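Sequence lines, in order, name chains A and B. Be aware that the first sequence starts at 0, since it is given in numbering that gives the first Met the number 0, and climbs by one per residue. Be aware that the second sequence starts at 0, since it is given in numbering that gives the first Met the number 0, and climbs by one per residue.
Worth flagging that the hints you see were computed from the coordinates, not collected in a lab. All values derive from a computational prediction rather than experimental measurement. Heads up, a few of these hints could be off.
Okay, the calculated beta carbon distance ranges per label pair [as the list claims (entries may be wrong)]:
hint, chain 1, residue 1, chain 2, residue 2, range
1, B, Arg250, A, Pro482, 20 to 30 Å
2, A, His645, B, Pro227, 29 to 39 Å
3, B, Glu9, A, Gly851, 32 to 42 Å
4, A, Leu588, B, Arg250, 21 to 31 Å
5, B, Pro291, A, His645, 42 to 52 Å
6, B, Asn364, A, Asp132, 49 to 59 Å
7, B, Ser315, A, Gln105, 32 to 42 Å
In silico lysine to any residue, SDA-like type, Cα no more than 20 Å apart, as pairs [to be verified]:
hint, chain 1, residue 1, chain 2, residue 2
8, B, Lys416, B, Gln85
9, B, Lys160, A, Gly638
10, B, Lys160, A, Thr639
11, B, Lys416, B, Tyr430
12, B, Lys412, B, Lys160
13, B, Lys416, B, Ile95
From the three backbone atoms N, C-alpha and C, an ideal C-beta is built for every residue, glycine too.
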Amino acid sequence: MNNELTRILNSRSKLPRTDLTQFNRDEAAEGGCGVIGMASSERVAARHMLAALAQMSNRGNGKGGGIAAVGLDAAEFGVSPDVLHNDYLLAMAYMDPAARAEVEAQYIHPVFEIDHVREQPHMADYTQITGLDVRPPDVVQYFVRPKAAALSAFRAEHDFMNLPERAVEDEYVYQNSFKINTTYYASLGEKRAFVLSHAKNLLVLKMVGYGDDVIRYYQLEDMHAHVWIGHHRYPTKGRVWHPGGAHPFIGMNEALVHNGDFANHASISEYLAQRNIYPLYLTDTEVAVQVFDLLYRTYNYPLEYVIEALAPTTERDYTLLPADKQRIYSMLQSSHIHSSPDGPWFFLIAQSDEGGQGEAVYRLTGITDTSMLRPQVFAWQESTVDGETVSIALAASEKQGIDAAMISLAAEDPRFWSRADRYWNARGGSHTDGGAFLFSVHDDYKTKPKLVLTNKFGEPVKQPTSRPAYDRAAYSPAAMALPTGSAAELYDWAQTQLPSWSYQQAQDFLAGVEASANGEANDAGRARAIELLSLLMDRRYPTGSLRRSSLVSLVDASLERVMAAIKAAPSEGYVYHTYGANVPKAANLTQTLILDAQGYPPQGDDSVGREVQRIVEAGFRYIIVIHLRGQRFIGNGIGTNTQDVHIHTYGSAGDYLASGMDGATITVHNNGQDQLAQIMKAGRLVVHGDVGQTFMYGAKGGSAFILGNAAGRPLINAVGKPRVVINGTCLDYLAESFMAGDPLNGGGFVVLNGIMFDEDGQIAELETPYPGSNLFSLASGGAIYVRDPHQRVVSEQLNGGEFVPLSEADWQLILPYLEENERLFGIPLTRLLEVDGAARAPHEVYRKIQPGSVRALQAEEAWVTKAKTPTTTGGGH
Amino acid sequence: MANIAGKTDEQLIVEKHIANFHKGFAYWPRAEEAPPALGDSRWTQDLILATWLMAETGQVPDNGLEYKIGASGGGFDVLDFNIPSQDQWLPADTEIDLSLPLNRRDDGAQLKINIPMYGGGMSYGSISEHVMQARARAAQHLGTFTSTGEGGYPPSLVPYKDHIITQVATGMFGVREETIQYAPIVEFKYAQGAKPGLGGHLLGDKATDVVAAMRESVPWVSLFSPFPFHSVYSVEDHRKHVDWIRTTNPRALVSVKVSTPTDVDMVAVGSYFAGAHIVHLDGSYGGTGAAPEIAKKNIAMPIEFAIPKVHKYLVSENVREEVTLMASGGVRTAYDVAKAIALGADGCVMGTAELIAIGCTRCSNCERGRGCPFGLTTTDPLLQQLMPADWGQQRIVNMYNAYAIQLRDLLRKLGLKSIRELRGRRDLLRYVG
């Protein structure tokens with residue numbers, strides 16, 4: 000270590016110490032929290048965070064929530080831009096109002112020049128927020144600079160002679176806050192006050208409640224910032240009463256929220272203690288942000304190295320790195336093995352890099368753990384408005400959070416619309432993007448700030464599109480006269496027209512579709528409109544000069560109007576059902592019930608999942624669920640006698656959809672979330688998008704068709720005969736411990752096509768059909784059929800499996816599934832068999848992976864009595 | 000192949016073995032001489048013989064066999080009750096209530112068991128189908144429950160479904176929507192005290208065609224359930240998991256079976272807040288011969304430490320009256336049950352004791368398909384005939400009846416009218432180590 004660095008760490012040894020044994024471990028076991036972050040070239044109002052957090056409230060339990068904002072609006076704080084950029088924003092939380100005078104007298108007035116003091120407004124009566132048990136702290140914000148005398152004394156005391164002024168200032172503020180916290184929060188039994196945040200142009204607010212309650216209580220709805228992060232936590236203890244343990248946690252110039260937890264909290268704490276850093280709140284999140292601050296501010300690592308130290312590149316990904324990177328990463332890994340969080344986690348970090356030299360970077364960084372136990376979803380939308388680039392990037396624990404924020408934003412700001420141009424997952428520790436993304440807003444204080452997206456390696460994220468977005472100008476469409484024909488025929492016709500259409504013509508077309516569905520006695524028109532709009536929403540196709548995300552937003556709105564018309568005038572073919580109403584009896588087997596999910600609670604007897612059960616019991620065989628905002632458990636518990644039940648979901652269908660399904664068909668007209676089709680036994684699941692974690696965990700059978708990708712651990716421990724087509728790829732651990740018999744003899748398999756779609760819906764091959772290191776690990780049955788004409792998947796990625804040539808019997812087995820895949824998604828079989836423009840034979844395109852020699856003959860096998868008819872038969876029907 | 004009296008050689012051999020076994024199980028508990036090499040310090044020779052005697056007679060052993068404690072030198076063996084003087088005992092004819100409500104929340108069915116014990120999860124494949132049937136029928140007869148373990152739900156158990164807990168464990172073997180909907184109680188097995196950090200396992204030579212068919216896996220391949228649930232990495236995920244089961248079967252109670260790490264109190268409270276009706280702590284002394292020796296007794300916290308730790312924490316969180324706390328992991332006798340309850344549990348979950356009752360000698364060959372000489376932990380259809388289900392059912396019922404006599408007797412002497420009054424009465428225990 001160099002001398003300056005050693006001096007900084009040594010200087011902290013003089014800080015007061017607290018006996019932590021007196022603390023309850025309030026935060027010890029929190030985990031899958033609701034987390035969202037956004038960064039934008041525009042300052043975005045907190046109410047859009049509120050919308051996202053409110054939607055994810057079933058990811059918290061109201062025992063802790065918080066937000067951080069970076070890149071604030073000086074006027075909203077009553078300061079000049081100069082003060083905002085140059086002063087430290089010391090935000091104090093006072094639980095005990097009497098503590099304020101003491102803190103100010105001891106730790107603020109003597110040491111800081113104060114440019115401005117602001118008391119954070121809040122609701123007069125906290126009990127007006129349901130479920131808020133504890134009065135949130137009063138918050139006072141001080142815009143300060145350390146006094147010159149105090150600073151030079153500090154410099155002299157610790158011999159910081161060669162440290163830049165800014166580094167000394169930062170360290171001074173950091174240590175001053177540490178003293179405040181040990182005196183007023185940690186060391187006394189009563190927790191009277193603590194520092195919420197102390198960086199320049201960064202503010203943290205948190206309390207015992209939900210994250211969205213923070214925005215409500217402190218009346219932040221109209222507060223604006225370039226970067227936001229928000230968090231609900233789910234601590235296990237019952238009576239958490241103090242806000243210090245809520246996220247975000249701060250280092251110096253950053254605030255961090257965290258989803259998940261890690262197992263080596265003790266080891267990391269020890270690592271920090273060796274560097275005189277002592278966390279105060281006993282949470283793994285706090286140690287994480289302290290490590291980040293140590294590496295970034297004190298050690299001065301580039302962000303890439305900070306990320307590598309936290310989420311090391313391992314296994315095959317490491318071997319695929321260039322040699323010079325391997326050398327550095329290897330050093331980083333061996334230096335930081337004890338400070339690298341181990342377990343399921345991802346971090347969102349809001350950073351304020353106020354350079355003080357006439358520029359600043361407000362940054363949102365999302366880092367995913369290497370074992371991919373907690374993947375996050377990223378999204379990006381960008382357009383040009385009046386010659387200026389307007390962009391927003393988001394990261395969240397689940398796509399529904401992003402959807403809610405974008406819908407909220409689009410509803411009031413015409414520069415945004417509800418669908419992002421691009422959504423993607425990160426594979427932690429990936430050699431291609433590092434599994435981490437940095438959304439940096441560059442502000443030169445003069446011109447409009449710019450949002451720049453890069454991956455861990457500093458490479459720019461590819462622009463999703465250059466086509467103009469729909470400008471949202473007021474336009475009254477005139478219904479276009481449509482040709483006659485089925486929805487499919489109309490869809491085909493639209494394909495021929497779209498390349499030449501403007502947004503206005505597209506709206507005229509949609510108006511025509513809506514008009515053709517009008518009228519009570521027009522069930523055929525309604526059916527056609529719903530099917531056609533779904534195709535336009537689900538399929539990937541050339542959109543000419545139009546941007547896909549804008550066009551699909553228009554289609555969303557069109558479907559919304561068709562549904563509203565059904566609500567206004569139900570018919571023999573369509574009934575509309577809302578929360579609170581009694582479930583009607585089905586008039587006949589073909590009647591469709593539209594279930595409006597708005598207002599249904601996330602779980603319990605009144606949940607959408609239970610309502611769907613009642614609707615099936617009432618005799619409906621066609622159910623369309625709309626306005627989903629993450630509600631879970633759709634299709635759960637509807638029973639075995641459901642082969643003729645068809646459920647369609649629109650909006651954000653939540654976790655566990657189709658789990659346990661035993662006969663029905665469910666179609667998800669969007670991405671699916673986590674734990675879909677667990678233990679599924681029979682039936683069919685179609686997802687016009689991606690699926691999340693542990694898709695079909697422990698599945699026994701049924702079929703599934705996925706247009707996009709699966710996240711981590713799809714089909715783990717699946718048995719029996721599940722048959723699955725995944726057109727994209729998976730993060731990793733596909734079909735681990737797969738036990739699905741012999742696929743050529745009734746067993747199960749996964750077809751992995753490894754394709755993606757370009758902007759015009761044309762099929763393109765992914766760089767590799769499977770990027771992870773663990774494919775079909777420890778499998779004893781079933782098979783993977785991977786479309787891999789260039790043989791990019793290698794044996795090293797298998798752990799127990801083996802490649803074998805595709806036989807004619809294999810092809811005949813998967814052919815009907817690929818044909819069905821074509822019907823469902825419009826992915827032509829002929830295109831799948833095309834490589835570099837030339838048609839190939841199936842065995843030149845698809846490779847089969849089967850279990851290797853998973854077993855020797857067991858001693859008992861030779862002579863245990865073979866029961867011809869088993870005394871009991873497995874599985875059931 | 001018909002032979003004597005129209006029976007096959009196989010039938011004759013089985014009958015002969017059964018007759019000899021039954022003779023032996025009846026003989027040894029009352030024999031003058033000691034049997035050769037029976038028992039270990041946890042399950043002593045006396046305890047095994049006493050359990051056989053109780054299973055035979057349904058009565059408390061009266062021939063000097065030590066039936067209350069083993070010789071481990073620790074755990075329940077160094078705890079005893081402070082029995083007050085005889086004048087403070089309740090009258091002999093006092094009605095003593097052993098029943099235990101399992102649901103203390105205001106949702107779900109109000110289930111009650113007649114004795115403060117139910118059977119722990121042992122899977123189809125780990126034990127024979129006959130043993131499962133014996134346990135299920137005994138549970139029905141006694142008014143309590145037994146658990147499927149993680150190996151599927153044999154159709155022959157469906158008639159007893161109101162007394163069978165469906166276990167959902169990390170491999171999800173044999174679990175499907177229908178078996179979740181059968182169950183009055185669904186048990187999540189997050190971990191086992193005998194081998195925390197490891198999932199369930201069934202070695203290849205127990206995974207016969209029939210066993211594999213029940214799990215829909217590949218025959219003769221060793222089956223390892225993962226650890227942990229790959230869909231549950233946090234207490235929030237756990238709540239979702241509970242909500243999923245409650246959506247699938249809204250009337251089912253949810254039991255959460257966990258081992259006993261040092262923060263078991265946090266785990267228990269987290270489980271409660273996620274909606275569990277029953278928190279089931281599985282300590283380190285349990286496990287059959289199939290659990291690895293290196294894991295047994297060496298990882299989890301002993302159950303007698305875990306119970307009071309969790310009990311006190313639930314009390315301090317003001318939720319003790321809303322959750323049922325069951326304990327298992329080396330609970331061998333009626334006195335172990337009473338001690339666990341005095342330490343703070345509501346009741347106990349029994350595994351090995353039931354196997355002893357039907358002839359287990361603790362020979363530790365449970366991991367092999369044909370390892371069990373008594374046909375208990377076998378997957379061989381021939382060997383399993385050595386333990387007929389109706390015989391096993393009666394033995395298990397008898398053992399619990401003998402336990403009930405002892406529990407009532409103990410409670411009467413302690414001046415308590417109900418097993419529920421014993422809970423958390425650590426003052427009634429003393430250390431005798």
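Practice task
Starting from the hint list further up, note which numbers the structure goes against and sort them upward.
Solution key: The structure conflicts with hints 1, 11, 12, although it agrees with all the remaining ones.
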